[in-house]
Amino acid sequence: MTKQELEAVLAEALRRIAPDVDVAEIDGDGDLRQEFDIDSIDFLNLITALAKRFSLPIPEEDYPRLRSFAAIVDYLGEKVV
5 MTKQELEAVL AEALRRIAPD VDVAEIDGDG DLRQEFDIDS IDFLNLITAL AKRFSLPIPE
65 EDYPRLRSFA AIVDYLGEKV V
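The sequence shown begins at 5 in our numbering and counts up by one.
These aren't lab readings, by the way, just hints derived from the structure by calculation. If you're wondering where the values come from, they're calculated on a predicted model, not measured in any experiment. Any given hint could turn out to be false.
Pairs of lysine-lysine residues, derived as DSS-like cross-links and limited to a Cα-Cα distance of at most 25 Å, are as follows [unchecked claim]:
hint, residue 1, residue 2
1, K7, K83
2, K56, K83
3, K7, K56
Using the sequences and the hints given, assemble the complete structure.
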């Protein structure tokens, strides 16, 4: 999967969690939880949705790596073949 495809999947998952998110305004390196006021439950829902979408286990110890849009895309790029 290309980086652009991963970005599109992540953007769609974000829109489902936080419908007010304007994908054009996402700061790739900004903390998603702060930038879009995503609480811990929403964050877990996002990670769960991505794990299901890619049939990929995402262990809790990896959560700190998944703070920004760019970091999540990079993480998925490493894991998804």
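Hints, one by one, checked against the model:
Only pairs whose Cα atoms come within 25 Å are accepted, and K7 paired with K83 is accepted, the gap being roughly 12 Å. In summary, the hint linking K56 to K83 is supported, as the alpha carbons are separated by about 13 Å, within the 25 Å threshold. In summary, the hint linking K7 to K56 is supported, as the alpha carbons are separated by about 18 Å, within the 25 Å threshold.
The structure fails none of the hints (numbered hints given earlier).
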